[in-house]
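Novice: The primary structure of each chain is shown beneath.
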Amino acid sequence: MATTRSGAAQRPNGAPQTKVCQFKLVLLGESAVGKSSLVLRFVKGQFHEYQESTIGAAFLTQTLCLDDTTVKFEIWDTAGQERYHSLAPMYYRGAQAAIVVYDITNQDTFGRAKNWVKELQRQASPSIVIALAGNKSDLAAKRMVEFEEAQAYADENGLLFMETSAKTAMNVNDIFLAIANKLPKSESAGGGAAGGARRLNDADAPRASSCCK
Amino acid sequence: MHEDESCKFAACTFFAKNHPGESCGSNGLPLTPSSITILGRSQRLLTIEHTNLCTYLDIIRGKHERIIVVAEVIGKSLAEYSSKFSYEEIINISLQVTNAMMFLHKQEITHRTLSDDNILLDSSGRVKLFNYGMYYMTNEGNEVPFPLGLPRYLSPETILNGGGPAADVWTFGIILLELCIGKLWKNIKPGPTLRRILTLVHANNPAERIAREHDCLEAYKEIPETVRNLIEKCLKIYPSERATFEELIEDLSKINSKTLEDIKQPRGLMGCKLQYLYYWWQLTGGDIQAELKKNGLIKNSPPILSMPIAILLDGGTIGGKTGALFDRRIAKYSLDLLKNRLSHIPPQDFYPLMHERRKDYDAVALPKIIRERDTEYQFYRLLWFQRLLHGYPYTTQYIRTEAEIDIPPLERGDVWAALLGVVGDIEDQYERIDKETPTPTDRQIDVDIPRCHQYCWLLCGSAGHRTLKRLLKAWLLTNPQYVYWQGLDSLTAPFLYLNFCNEARAFACLSAFVPKFLHKFFLKDNSAVIKEYLAKFWQMTAFHEPELATHLHDINFVPELFAIPWFLTMFSHVFPLHKIVHLWDALLVEGPSLPLFMGVGILRQLRDTLLDSGFNECILLFSDLPEIDIGECVKESIDMCRISPRSISYRRFTNEPEMKDPMDIVEVPLDVLLSETCSRISLADFFSLTCQDKCCVVDIRSNLLYEKSCIEGSINVPYSGVHLGQHELKSLGAHPNKVLTEAIRQKKIIVVASAEDETAQLFSDYLVKCGVSRVCVLHGGVSALHTHVPSLFGVPKKTAHK
Ligand SMILES: Nc1nc2c(ncn2[C@@H]2O[C@H](COP(=O)(O)OP(=O)(O)O)[C@@H](O)[C@H]2O)c(=O)[nH]1
Ligand SMILES: [Mg+2]
Numbered sequence: 001m002a003t004t005r006s007g008a009a010q011r012p013n014g015a016p017q018t019k020v021c022q023f024k025l026v027l028l029g030e031s032a033v034g035k036s037s038l039v040l041r042f043v044k045g046q047f048h049e050y051q052e053s054t055i056g057a058a059f060l061t062q063t064l065c066l067d068d069t070t071v072k073f074e075i076w077d078t079a080g081q082e083r084y085h086s087l088a089p090m091y092y093r094g095a096q097a098a099i100v101v102y103d104i105t106n107q108d109t110f111g112r113a114k115n116w117v118k119e120l121q122r123q124a125s126p127s128i129v130i131a132l133a134g135n136k137s138d139l140a141a142k143r144m145v146e147f148e149e150a151q152a153y154a155d156e157n158g159l160l161f162m163e164t165s166a167k168t169a170m171n172v173n174d175i176f177l178a179i180a181n182k183l184p185k186s187e188s189a190g191g192g193a194a195g196g197a198r199r200l201n202d203a204d205a206p207r208a209s210s211c212c213k
Numbered sequence: 001m002h003e004d005e006s007c008k009f010a011a012c013t014f015f016a017k018n019h020p021g022e023s024c025g026s027n028g029l030p031l032t033p034s035s036i037t038i039l040g041r042s043q044r045l046l047t048i049e050h051t052n053l054c055t056y057l058d059i060i061r062g063k064h065e066r067i068i069v070v071a072e073v074i075g076k077s078l079a080e081y082s083s084k085f086s087y088e089e090i091i092n093i094s095l096q097v098t099n100a101m102m103f104l105h106k107q108e109i110t111h112r113t114l115s116d117d118n119i120l121l122d123s124s125g126r127v128k129l130f131n132y133g134m135y136y137m138t139n140e141g142n143e144v145p146f147p148l149g150l151p152r153y154l155s156p157e158t159i160l161n162g163g164g165p166a167a168d169v170w171t172f173g174i175i176l177l178e179l180c181i182g183k184l185w186k187n188i189k190p191g192p193t194l195r196r197i198l199t200l201v202h203a204n205n206p207a208e209r210i211a212r213e214h215d216c217l218e219a220y221k222e223i224p225e226t227v228r229n230l231i232e233k234c235l236k237i238y239p240s241e242r243a244t245f246e247e248l249i250e251d252l253s254k255i256n257s258k259t260l261e262d263i264k265q266p267r268g269l270m271g272c273k274l275q276y277l278y279y280w281w282q283l284t285g286g287d288i289q290a291e292l293k294k295n296g297l298i299k300n301s302p303p304i305l306s307m308p309i310a311i312l313l314d315g316g317t318i319g320g321k322t323g324a325l326f327d328r329r330i331a332k333y334s335l336d337l338l339k340n341r342l343s344h345i346p347p348q349d350f351y352p353l354m355h356e357r358r359k360d361y362d363a364v365a366l367p368k369i370i371r372e373r374d375t376e377y378q379f380y381r382l383l384w385f386q387r388l389l390h391g392y393p394y395t396t397q398y399i400r401t402e403a404e405i406d407i408p409p410l411e412r413g414d415v416w417a418a419l420l421g422v423v424g425d426i427e428d429q430y431e432r433i434d435k436e437t438p439t440p441t442d443r444q445i446d447v448d449i450p451r452c453h454q455y456c457w458l459l460c461g462s463a464g465h466r467t468l469k470r471l472l473k474a475w476l477l478t479n480p481q482y483v484y485w486q487g488l489d490s491l492t493a494p495f496l497y498l499n500f501c502n503e504a505r506a507f508a509c510l511s512a513f514v515p516k517f518l519h520k521f522f523l524k525d526n527s528a529v530i531k532e533y534l535a536k537f538w539q540m541t542a543f544h545e546p547e548l549a550t551h552l553h554d555i556n557f558v559p560e561l562f563a564i565p566w567f568l569t570m571f572s573h574v575f576p577l578h579k580i581v582h583l584w585d586a587l588l589v590e591g592p593s594l595p596l597f598m599g600v601g602i603l604r605q606l607r608d609t610l611l612d613s614g615f616n617e618c619i620l621l622f623s624d625l626p627e628i629d630i631g632e633c634v635k636e637s638i639d640m641c642r643i644s645p646r647s648i649s650y651r652r653f654t655n656e657p658e659m660k661d662p663m664d665i666v667e668v669p670l671d672v673l674l675s676e677t678c679s680r681i682s683l684a685d686f687f688s689l690t691c692q693d694k695c696c697v698v699d700i701r702s703n704l705l706y707e708k709s710c711i712e713g714s715i716n717v718p719y720s721g722v723h724l725g726q727h728e729l730k731s732l733g734a735h736p737n738k739v740l741t742e743a744i745r746q747k748k749i750i751v752v753a754s755a756e757d758e759t760a761q762l763f764s765d766y767l768v769k770c771g772v773s774r775v776c777v778l779h780g781g782v783s784a785l786h787t788h789v790p791s792l793f794g795v796p797k798k799t800a801h802k
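Listed in order, the protein sequences are those of chains A and B.
If you read the first sequence in UniProt numbering, its first letter stands for residue 1, the second for the next number, and so on.
If you read the second sequence in UniProt numbering, its first letter stands for residue 1, the second for the next number, and so on.
It should be emphasised that the hints constitute simulated quantities derived from the structure, not laboratory data.
Predicted model only: the values in this text are computed from it and were never measured.
You may find that some hints are simply not true.
To give an idea of the chain B side of the interface with chain A (calculated C-beta under 7 angstroms), a few residues [as the list claims (entries may be wrong)]:
1) Leu-29
2) Pro-30
3) Leu-31
4) Thr-32
5) Pro-33
6) Asp-448
7) Gln-454
8) Cys-456
9) Gln-486
10) Ile-564
11) Pro-565
12) Ile-619
Think about it this way: if two alpha-carbon atoms lie no more than 27 angstroms apart in a straight line, the pair counts; the simulated DSS-like pairs of lysine-lysine are [said to hold, decoys possible]:
13) Lys-694(B) with Lys-635(B)
14) Lys-660(B) with Lys-520(B)
15) Lys-524(B) with Lys-114(A)
16) Lys-524(B) with Lys-118(A)
17) Lys-44(A) with Lys-273(B)
18) Lys-264(B) with Lys-236(B)
19) Lys-142(A) with Lys-469(B)
20) Lys-258(B) with Lys-183(B)
21) Lys-189(B) with Lys-17(B)
22) Lys-183(B) with Lys-332(B)
23) Lys-293(B) with Lys-8(B)
24) Lys-660(B) with Lys-738(B)
25) Lys-273(B) with Lys-76(B)
26) Lys-183(B) with Lys-221(B)
27) Lys-524(B) with Lys-167(A)
Okay, the calculated beta carbon distance ranges per label pair [said to hold, decoys possible]:
28) Asp-155(A) with Asp-442(B): 33 to 41 angstroms
29) Glu-247(B) with Glu-82(A): 56 to 64 angstroms
30) Thr-51(B) with Glu-82(A): 48 to 56 angstroms
31) Asn-479(B) with Asn-115(A): 23 to 31 angstroms
32) His-85(A) with Cys-456(B): 42 to 50 angstroms
33) Ala-178(A) with Asn-479(B): 39 to 47 angstroms
34) Glu-82(A) with Arg-432(B): 25 to 33 angstroms
35) Glu-82(A) with Tyr-238(B): 51 to 59 angstroms
36) Arg-443(B) with Asp-155(A): 25 to 33 angstroms
37) His-85(A) with Gly-794(B): 56 to 64 angstroms
38) Ile-643(B) with Gln-107(A): 52 to 60 angstroms
Note that the Cβ used here is the ideal one computed from N, Cα and C, for glycine as well.
Could you put together the complete structure from these sequences and hints?
Specialist: Now the structure itself:
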């Protein structure tokens, strides 16, 4: 798991050859599939068996270094319960990337993931990069969703796909890295989290914020 | 070890089973450590009270899966008495033992470890069983790595396949036989002892056979027939043929000739509730573990010695010193330390009188967490609360007044229930609710519970999980208008934590809490309720922290992004339990508007950081909330709550009676509320502030209207002349600046009065941006006030400097 980890922070400031891109990424999926755990693993390199449930949403940031670009992810980790669904648009609106997570030991969560993908395709920004994560791959003995089935679904829908484990860290950095690679890093790319930072009632007017410097 | 009567409790210790390696349960989570299962199960034992049972006081989880059991002790164990007992004494002892045993069996607790070293007898003849719950708390011995029960007391079926409650009757029979003819199978190793017991299976009369084996047939025959009959009724090979304890009691009562004097409750300290004594003793510095170490019951060997020599592939280990897994010894504790600490307390203070004025203690000035550690303070508080709780519900008002000062942690469960008005036959009501039938919500509950306050030993065990699930299901079933929102689990947790063995009361508390503090929050569509709440929270922030509110508003940092879990769970999803209890102590006393100010209190603590931060840093701060000083937060929020006129925190979605009087009304449609930075104050509140000279009125109508008739004492700042872009009071002119600055200095409430709502809002928003605290808008404006309280109006005094 030797992928880049917040490398940008260590780079001398103002190194001329790197450009910094900021992307808003949202995690979606049924509750308890491991969204918060994936973020925690990616951002802090930790795993908590008793990760608290997420109410509303949580926000974290992490930076990845690609060859010539530093990618800063602004990550919105959302609540999984269906009831909190009405809040979700506030977080995925204006997002450039999404990771839709399911739990490989639970078929229902895969069905729910498909619904999220549909909703994103309909409602989110048309250029959004979507990745599908089959989490808890360490529990392969209790697998209910076959790798091939998910891979086929991902191919059909043009999604990135990986099976991950927040517990063992398998593929966690990789999936973020794959997203970072796929995101366009032109001058106009990127946007700030501030887009989501509006009152619920007038949230339809996300504030544009540029990022690539 | 002490023998005198100042020893009221003792401890013993053993090790729980270690799960090999890194095994996981079926949900992928690690297996619950045995010590936690034991801790959860033993909570029930802490509530058992019976004259012939030593009260359990504490179950402690030490290092390396060690469990320490603290319980009441009296006198000496039967094993420690060297002289023989008379038959009269034996019968009386037996009667008391069987009484205790019948009680346990009624509670469906099997003793299994009854022996002559855990039957205690004091000089007055009182018998109490010590640590009778080993088998129960260890889940029938499954959670410990050693067998339970002394070999010589095990019934044949126990040796063969486990055995049920009737095994206790056999054990009692053996003890009774030993009392009559002396200790059995002395100096015989466990293996052979068990073999001998098994050979009894072929005996017609096992008791007689045992006596013959011990060359005591003579002595056996000399036992009075009544007693011998009892022994033989117990020592039947087939469990179903043995007498029950109920039957034994009946027989024993007939032949018992000794009546115990009613024990007189000693006066003073030693007459206080044992739980209190133990608690105070700990506050004085009493340390169970330290004492066990001193007595050699806990041996401290360097950890390297207990490392295994080899670890097998399946996770098992070889070698490594583990020490004794179960030490039969007990350590008694002297209360001398506590007696000395409280020796200066006059006798009458042990019996506080209801209607006497409460004494003031110096400690009241100290922070709550320090008061909670002060022996003497807790001594007075506990006795006083004991007294008040005894009189509940008639003492509700007293309890409330006292709880305002603080709540003694030891009685928090009772006090909360009283503050929430829990009365009636709650057990029966809870009993009737169907908590088992599966529902579609179960999956969500099942995935949330293992993530809910799992650092807490009580809540992370299987007992805790099961109870929490039952409570949630019961609540959902009795509140069909509501649905399960994630967070309801966290909200229920504090009640379970405080009422772990009183599920019905935990439920009653939750049921009373929600309508009071979270009315309509758990509706399927709660968006209006939440929006209103957050809008009010934001207005309170503007009222008390205008600078912060302005900054957060500027960076688009809105409460929807961080405060939903705060209010939906009344902070129970945000803080650990030891902090929640202090927050809720205040909440229960102050009432439903306090949480809004607690929210402001949290922001206030983070004020400097927030003011220096942009959107991302702010939101990061709240995703991983830094340490909050809860004591300080509670104090500040209560202050803010009390200086805020009631109407400014008015919410439509409460359970309180509807406001009918136009003087009280401040309600506006939700979309209007959402657009307003500053709260509205009702005419009634305004009137009362005016009478106390606690407000400063800024009339923003035109000078023409003002000159005609104005609120007495108000200043006129015509809205048309205000430069909204210049956020400085000075720009309002010399006189308004002077008056406002003085009003701010005197911490007055600034009331904006206008002819229309729109200008009032724009101007009040402007004041907030200028950093003015405590700004609100007069609901209905000048004209409404004129209609209802014309007496407040006059013509402006011509001032010289105008
Ligand atoms: N075995 C295993 N458990 C995981 C993994 N990721 C998360 N979990 C567990 O699954 C539960 C739910 O995780 P959480 O991150 O809270 O899920 P969320 O509701 O989607 O945010 C927690 O108990 C985690 O410890 C994983 O990769 N493997
Ligand atoms: Mg989560």
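Novice: Is the hinted pair Lys-660(B) and Lys-520(B) satisfied, with a Cα-Cα distance of at most 27 angstroms?
Specialist: At roughly 21 angstroms apart (the allowed maximum being 27 angstroms), Lys-520(B) and Lys-660(B) satisfy the hint.
Novice: Look at the Cβ atoms of Glu-82(A) and Arg-432(B) and judge whether their distance stays inside 25 to 33 angstroms.
Specialist: 30 angstroms, holds
Novice: Any CB of chain A closer than 7 angstroms to the CB of Thr-32(B)?
Specialist: Thr-32(B) check fails; min Cβ-Cβ to chain A is 11 angstroms, beyond 7 angstroms.
Novice: Min Cβ distance, Pro-565(B) to chain A: is it shorter than 7 angstroms?
Specialist: 4 angstroms, holds
Novice: Straight-line Cα separation of Lys-44(A) and Lys-273(B) no greater than 27 angstroms?
Specialist: Outside the cut-off at roughly 49 angstroms; violated.
Novice: Given a hint of 48 to 56 angstroms, does the C-beta separation of Thr-51(B) and Glu-82(A) actually sit inside it?
Specialist: 54 angstroms, holds
Novice: Does the interface hint hold: is Gln-454(B) within less than 7 angstroms of chain A, judged Cβ to Cβ?
Specialist: 4 angstroms, holds
Novice: Is Lys-524(B) close enough to Lys-114(A), meaning Cα to Cα at most 27 angstroms?
Specialist: 24 angstroms, holds
Novice: Against chain A, is Ile-564(B) within 7 angstroms by beta-carbon distance?
Specialist: 4 angstroms, holds
Novice: Lys-293(B) and Lys-8(B): Cα distance at most 27 angstroms?
Specialist: 19 angstroms, holds
Novice: Checking hints one by one. Is Pro-33(B) an interface residue toward chain A, by the C-beta closer than 7 angstroms rule?
Specialist: 12 angstroms, violated
Novice: Taking the closest Cβ pair, is Cys-456(B) under 7 angstroms from chain A?
Specialist: 10 angstroms, violated
In this structure, the earlier hints numbered 3, 4, 5, 8, 17, 18, 24, 27, 32 are contradicted, and the remaining ones agree with it.
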